[in-house]
Amino acid sequence: MKTREKALFITDYTFDKRVDGYKRVYIGHEFCERLMPQVCDLNRAIDYCKNYSNIALTIVTSLMTDKYFKKLANILDIAVTKNINIEVVCNDFGVMQFVSKNYNTCTLVCGRSLFSQSLWPQQELVKTVYSALFRKKMFWRANQKEYQALHFLERLRSFDVKRIDISSISDACTYGYSLSKAGFNLSIYSPYRFLTYTRYCNFASNDKISFRQSVLGCKRECKDRHIVFTRKSIPLKYFMHENVILIEDNFNLNDYNYYIDRIIYYDEIMNS
Amino acid sequence: MDVISPLTHIAHIKPLVDAGATEFYAGIRLNGTYLGVRPFKESIFPSQGMLEEAVKEAARYNVSIGLCLNGYYAGKKEKLLKFVYRMIKSGMHIFIIRDIDILCLLTQHFPDNTYVISTLTPCFNSYTVKYFESLGVSRIVLPREFSLNEIKALQENNQKSSFEVLIHNITCENINGLCRFHAMNPEEVIKPRYIAKLFAMLTKQSRSACKVRYTLRSFFKGHEIERKKDCMLTDYLHMRCGACAIPFLMHNNIHGVKIIGRTFSLDKKIKDVSFIVRVIKEAKGKPFISYQTIQKIYFDLYGKKCLAPHECHFPTIQTGVM
Numbered sequence: 001m002k003t004r005e006k007a008l009f010i011t012d013y014t015f016d017k018r019v020d021g022y023k024r025v026y027i028g029h030e031f032c033e034r035l036m037p038q039v040c041d042l043n044r045a046i047d048y049c050k051n052y053s054n055i056a057l058t059i060v061t062s063l064m065t066d067k068y069f070k071k072l073a074n075i076l077d078i079a080v081t082k083n084i085n086i087e088v089v090c091n092d093f094g095v096m097q098f099v100s101k102n103y104n105t106c107t108l109v110c111g112r113s114l115f116s117q118s119l120w121p122q123q124e125l126v127k128t129v130y131s132a133l134f135r136k137k138m139f140w141r142a143n144q145k146e147y148q149a150l151h152f153l154e155r156l157r158s159f160d161v162k163r164i165d166i167s168s169i170s171d172a173c174t175y176g177y178s179l180s181k182a183g184f185n186l187s188i189y190s191p192y193r194f195l196t197y198t199r200y201c202n203f204a205s206n207d208k209i210s211f212r213q214s215v216l217g218c219k220r221e222c223k224d225r226h227i228v229f230t231r232k233s234i235p236l237k238y239f240m241h242e243n244v245i246l247i248e249d250n251f252n253l254n255d256y257n258y259y260i261d262r263i264i265y266y267d268e269i270m271n272s
Numbered sequence: 001m002d003v004i005s006p007l008t009h010i011a012h013i014k015p016l017v018d019a020g021a022t023e024f025y026a027g028i029r030l031n032g033t034y035l036g037v038r039p040f041k042e043s044i045f046p047s048q049g050m051l052e053e054a055v056k057e058a059a060r061y062n063v064s065i066g067l068c069l070n071g072y073y074a075g076k077k078e079k080l081l082k083f084v085y086r087m088i089k090s091g092m093h094i095f096i097i098r099d100i101d102i103l104c105l106l107t108q109h110f111p112d113n114t115y116v117i118s119t120l121t122p123c124f125n126s127y128t129v130k131y132f133e134s135l136g137v138s139r140i141v142l143p144r145e146f147s148l149n150e151i152k153a154l155q156e157n158n159q160k161s162s163f164e165v166l167i168h169n170i171t172c173e174n175i176n177g178l179c180r181f182h183a184m185n186p187e188e189v190i191k192p193r194y195i196a197k198l199f200a201m202l203t204k205q206s207r208s209a210c211k212v213r214y215t216l217r218s219f220f221k222g223h224e225i226e227r228k229k230d231c232m233l234t235d236y237l238h239m240r241c242g243a244c245a246i247p248f249l250m251h252n253n254i255h256g257v258k259i260i261g262r263t264f265s266l267d268k269k270i271k272d273v274s275f276i277v278r279v280i281k282e283a284k285g286k287p288f289i290s291y292q293t294i295q296k297i298y299f300d301l302y303g304k305k306c307l308a309p310h311e312c313h314f315p316t317i318q319t320g321v322m
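Chains A and B, in that order, give the protein sequences. Throughout the first sequence, residue numbering follows my numbering, covering 1 to 272 in sequence. Throughout the second sequence, residue numbering follows my numbering, covering 1 to 322 in sequence.
This list has only true hints and no planted wrong ones.
Taking lysine-lysine and the DSS-like style, the derived pairs with C-alpha atoms no more than 30 Å apart in a straight line are: (1) Lys-82(A) with Lys-101(A); (2) Lys-162(A) with Lys-77(B); (3) Lys-162(A) with Lys-76(B); (4) Lys-232(A) with Lys-211(B); (5) Lys-14(B) with Lys-89(B); (6) Lys-223(A) with Lys-229(B); (7) Lys-237(A) with Lys-221(B); (8) Lys-211(B) with Lys-305(B); (9) Lys-181(A) with Lys-76(B); (10) Lys-130(B) with Lys-101(A); (11) Lys-130(B) with Lys-67(A); (12) Lys-82(A) with Lys-6(A); (13) Lys-6(A) with Lys-237(A); (14) Lys-71(A) with Lys-23(A); (15) Lys-152(B) with Lys-70(A); (16) Lys-296(B) with Lys-268(B); (17) Lys-284(B) with Lys-268(B); (18) Lys-237(A) with Lys-228(B); (19) Lys-130(B) with Lys-162(A); (20) Lys-152(B) with Lys-284(B); (21) Lys-89(B) with Lys-77(B); (22) Lys-271(B) with Lys-304(B); (23) Lys-219(A) with Lys-211(B); (24) Lys-229(B) with Lys-232(A); (25) Lys-130(B) with Lys-71(A); (26) Lys-223(A) with Lys-211(B); (27) Lys-228(B) with Lys-232(A); (28) Lys-67(A) with Lys-286(B); (29) Lys-228(B) with Lys-219(A); (30) Lys-77(B) with Lys-56(B); (31) Lys-71(A) with Lys-221(B).
Calculated from the structure, these hints are not laboratory results.
Model the full structure from these sequences, guided by the hints.
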């Protein structure tokens, strides 16, 4: 069994949590370009990582429109000038190309949203329900499959990507062996997996003051709010947080040895 | 500007071409697998033979049919290649693709076709456009949630590729290619499919997980502030129309507008195509058409009032803030 690296996803940028036991800190946002960290946030993150020895830094990027590339460049420039080797998680081939072309010191990682594009989306929900009903390892072992999108992997290799972020334990169980054999390291997010996300922000203008004063731009109102959806006939809880709908992955990751060597803990919803 | 319409039967070609359609897109099943993203019998051609006939029939009217390969294909690649080869032989040359794996496979074997990146593959920026260009893609269907300014910027920065915009019967608010709710309800896993169907019929609910009713609990800074019953996961479920933006899109050299609705009746499809064609005719040479003119065309064809701004996909076009 590989030793697993523990990483913490920090989204509030206050950096007041202690990261004892974690080897890596994630900052950024996978789903919303507006929630990308500012230059000052990155500076704070770098200082924070320096305070703890051996803590590495990863910046997560989302799908991005053209105007946000300048902002991303500003952030990555700082990492280059401070001579820090950072990891950049890309959820879009365009972003991957931009980073590999302009910042070749950064290590690229295939994000879970980009990776999930090579899988059939419907499988996700079906697998989730099965996993909620039959919490058995055997079920997943029997369903181990060969990962077929070999051209996709080739494309990732052409950017020198060596790590893939996987959204759910079921995907890790199904394709873990195959991807690991192909030479990729795998990380997984815990405890939530995403189901869908939108660019029409559900929480925009929830703040009455900004609504009255017609404040333009993002006020990050989504940070403090979340909605839970339940239905008697489905053994799942849907969480709507920021611009994403997530579901809980109720697995004890220690029971699984599906070639995962990094776990990224993300617990913001419970705090909002 | 091309008007790209859905097609599910050979007999629909003539009436739709008469209404003004200049290109079609169609789905098919190969060895039990739906090659397109809509996994319903009503949304695909009944047989491969009929699709081949349809391609030849459409060629007689100088119109092309694009094949939707934007589903997930897990079968043998050789079978897919054989099938595509058969389609190319019959005259098909447009392929709408989601999966980068299938794109690479087809461009490797058949490089001379037109490959269109489906809206299911999110293409948000110039870098992604250029990346797909390098893989052999010549046309891109833009994400449905793009604003007009974003469409304009992307077109200006990428003159080599042509772009298509979804314009009519647009429903979902989520980023299409990354949504795991696609026509799937987890209840169907628990109940046998026919019971789920019956249950959905009796309770008058959709079978899609994003459209069934849930109990909602809203939290603010960890405290529950609201509890409601009978809520859906998404709000924007009525079909939206972006016809008001057509003059803007024409002015910005967008290649074509795409109408959604493969499962609709022929009558509805003809009305949709006629509506878009009439707006295009009205918009020729004008930078802007008034909302009243489009409402009038809408009323003439559908016999009901256009419910803008509630059903408007680009509601800001009339105010000039894009």
